[in-house]
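Peer 1: Using the sequences and the hints, build the whole thing.
This is what each chain is made of:
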Amino acid sequence: MKRAEAIKHIAEDLEDELVVCNLGFPSQELYSVKDKPTHFYMLGSIGLASSIGLGLALSTERKVVVLDGDGSLFYNLGSLITIATQKPENLYWIVLDNQSHGSTGFQQTYNPEVTSIEQLSLAAGFNRLITANNREQIKEAIKRFKQEGPLFVVVKIEKGNAKVSPIPFSPEKIKLRFMEEVKEG
Amino acid sequence: MQVSAEAGQALYGALRKNEVNFVVTFPCNWTSCLLDLVADDQSITHIPVTREEEGIGVAAGAFLGGKKPAIIMQSSGIGNSLNALASLNLTYKIPLLVLISHRGDEREKIIAQRGMGQALKKLLEGVGIRYFDLTNVAETDKVIAEAIGSSYTEGKPVATILSPFLLLEE
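Chain order of the listed sequences is A and B.
Numbering-wise, the first sequence is residues 1 to 185 according to the numbering used here.
Numbering-wise, the second sequence is residues 1 to 170 according to the numbering used here.
Since the hints were derived computationally from the structure, they do not count as laboratory data.
Note that beta-carbon positions come from the ideal geometry of N, C-alpha and C, so glycine has one too.
You may find that some hints are simply not true.
Simulated crosslink set (EDC-like; lysine to aspartate or glutamate; CA at most 20 angstroms straight-line) [said to hold, decoys possible]:
(1) Lys183(A) x Glu19(B)
(2) Lys93(B) x Glu172(A)
(3) Lys93(B) x Glu180(A)
(4) Lys36(A) x Glu184(A)
(5) Lys173(A) x Glu154(B)
(6) Lys156(B) x Glu172(A)
(7) Lys34(A) x Asp13(A)
(8) Lys183(A) x Glu15(A)
(9) Lys156(B) x Glu180(A)
(10) Lys36(A) x Glu181(A)
(11) Lys34(A) x Glu181(A)
(12) Lys17(B) x Asp141(B)
(13) Lys93(B) x Glu181(A)
(14) Lys143(A) x Asp13(A)
If you anchor each label on the Cβ, the simulated ranges turn out as follows [what the hints assert, rightly or not]:
(15) Glu118(A) x Thr50(B): 14 to 24 angstroms
(16) Gln107(A) x Asn83(B): 12 to 22 angstroms
(17) Gln42(B) x Gln137(A): 32 to 42 angstroms
(18) Glu12(A) x Asp40(B): 42 to 52 angstroms
(19) Asn29(B) x Glu148(A): 31 to 41 angstroms
(20) Asn83(B) x Gln137(A): 26 to 36 angstroms
(21) Lys183(A) x Pro27(B): 27 to 37 angstroms
(22) Ala112(B) x Phe74(A): 22 to 32 angstroms
(23) Asp16(A) x His46(B): 25 to 35 angstroms
(24) Glu170(B) x Gln147(A): 53 to 63 angstroms
(25) Thr135(B) x Lys146(A): 50 to 60 angstroms
(26) His46(B) x Pro37(A): 22 to 32 angstroms
(27) Val127(B) x Glu61(A): 32 to 42 angstroms
(28) Asn83(B) x Glu148(A): 28 to 38 angstroms
Peer 2: Spelled out as structure tokens, the structure:
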């Protein structure tokens, strides 16, 4: 299962959750699968999807889903600690883990025989962790979004980018549409 | 030199008057009075972060969720924040009040602060972020109101540089 397929399954199962999506191919793949005003597509700012998700989760009653990657997680590792400390009950953090920087040519990010993303999350203080590696497990993981968070979900994926185009909206349109959606609740 | 409790109170009061209700912080000895007042106020969501760049993201998320955020950091923290301020706030037109204690300039005892302290204003200008200088406590309300006003009118982050002459007593 490559990233685009995982994103497709996730997008199919989500309902009206707000989604903060990581920059580069993940955002473009999400847009190509399904575009909704509940999606905040990042265009830059590597590492900050989870931080934006935290600020949002603490400012709205709605459920917030962060679609992150392993490279972005490592770029802003402190976010694990801040989010575990704040414990937002409406935050669900999905890390799509292909062990590489997929948007820039699949340069290796870490060695899974040395480092464990799952253990990192537990050591930071997350006590709800799910690993989902196929269609069925993704479905099960997203059913858990009905329960209280914060929840950390690791999805192991194969390397590969879909053939997708840049998102055709201006940054301001992405923002305004999203904020309107948040306000309408 | 002692940290000015009066300045801390005035800054906190100005945040309250301008309805700032979400404050992200990275500590500085010079702003410690302000940080304590923010931390003790249950009506303000207070998020201490591990690194300033992370805080720019948290504050942006709070704005998207309808809050009125501010971030408090040292001049050194601007070095960790510029990409986020440019690629997130300036790109999407997300306002933010950035309060910066001006380390590495007057009254500084730590030599490692000088590099960022001296470059601070040029860095803000270089990336296109407007800043206000706040040098005495009597101007606090006026300057903070103006900074927040211009941030929301222009849809941009706006800095207020907190002078050591404001934050420290003789």
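Peer 1: Are the hints correct? Go through all of them and say.
Peer 2: To see whether the hints hold, each was checked on the structure:
A hinted pair counts as satisfied when its Cα atoms are at most 20 angstroms apart, and Lys183(A) with Glu19(B) qualifies at roughly 18 angstroms. With a C-alpha separation of about 7 angstroms, the suggested pair Lys93(B) and Glu172(A) falls inside the 20 angstroms cut-off, and the hint holds. Using a Cα cut-off of 20 angstroms, the hinted pair Lys93(B) and Glu180(A) holds, with the two alpha carbons roughly 15 angstroms apart. As the CA atoms of Lys36(A) and Glu184(A) are separated by approximately 14 angstroms, the hinted pair is consistent with the 20 angstroms bound.
Proposed proximity of Lys173(A) and Glu154(B) is supported: the alpha carbons are some 16 angstroms apart, at most 20 angstroms. Proposed proximity of Lys156(B) and Glu172(A) is supported: the alpha carbons are some 12 angstroms apart, at most 20 angstroms. This hinted pair checks out: Lys34(A) and Asp13(A) have alpha carbons roughly 11 angstroms apart, not beyond 20 angstroms. A hinted pair counts as satisfied when its Cα atoms are at most 20 angstroms apart, and Lys183(A) with Glu15(A) qualifies at roughly 17 angstroms.
Note on Lys156(B) and Glu180(A): the hinted pairing holds, with a Cα-Cα distance of about 19 angstroms set against a maximum of 20 angstroms. Restraint check for Lys36(A) and Glu181(A): the C-alpha separation of about 10 angstroms stays at or below 20 angstroms, so the hint holds. Our distance criterion of 20 angstroms between C-alpha atoms is met by Lys34(A) and Glu181(A), whose separation comes to about 16 angstroms. Among the hinted pairs, Lys17(B) with Asp141(B) is consistent with the structure: their alpha-carbon atoms are about 8 angstroms apart, no more than 20 angstroms.
Note on Lys93(B) and Glu181(A): the hinted pairing holds, with a Cα-Cα distance of about 17 angstroms set against a maximum of 20 angstroms. Straight-line distance between C-alpha atoms of Lys143(A) and Asp13(A) comes to about 8 angstroms, which keeps the hinted pair within the 20 angstroms bound. Roughly 20 angstroms separates the CB atoms of Glu118(A) and Thr50(B), a value that falls within the hinted 14 to 24 angstroms. A beta carbon spacing of about 19 angstroms between Gln107(A) and Asn83(B) agrees with the range 12 to 22 angstroms that was offered as a hint.
Hint check: Gln42(B) to Gln137(A), Cβ distance near 41 angstroms, so the stated range 32 to 42 angstroms holds. A hinted range of 42 to 52 angstroms holds for the C-beta pair Glu12(A) and Asp40(B), which are about 46 angstroms apart. Our hint of 31 to 41 angstroms for Asn29(B) and Glu148(A) holds, since their Cβ atoms are close to 38 angstroms apart. Separated by about 35 angstroms at the C-beta atoms, Asn83(B) and Gln137(A) satisfy the suggested range of 26 to 36 angstroms.
Judged by the Cβ atoms, the range 27 to 37 angstroms given for Lys183(A) and Pro27(B) holds: they are separated by roughly 33 angstroms. In this structure, Ala112(B) and Phe74(A) meet the distance hint of 22 to 32 angstroms, their C-beta atoms being roughly 26 angstroms apart. The supplied range of 25 to 35 angstroms is met by Asp16(A) and His46(B), whose beta-carbon atoms lie about 29 angstroms from each other. Between Glu170(B) and Gln147(A) the CB atoms are about 57 angstroms apart, so this pair conforms to the stated range of 53 to 63 angstroms.
Range check, Thr135(B) to Lys146(A): about 54 angstroms between beta-carbon atoms, so the 50 to 60 angstroms window is met. A C-beta distance of roughly 30 angstroms is found between His46(B) and Pro37(A), which places it inside the suggested range of 22 to 32 angstroms. Here the CB-CB span from Val127(B) to Glu61(A) is close to 35 angstroms, well matched to the stated 32 to 42 angstroms. Distance hint check for Asn83(B) and Glu148(A): the Cβ-Cβ separation is about 34 angstroms, which falls inside the suggested range of 28 to 38 angstroms.
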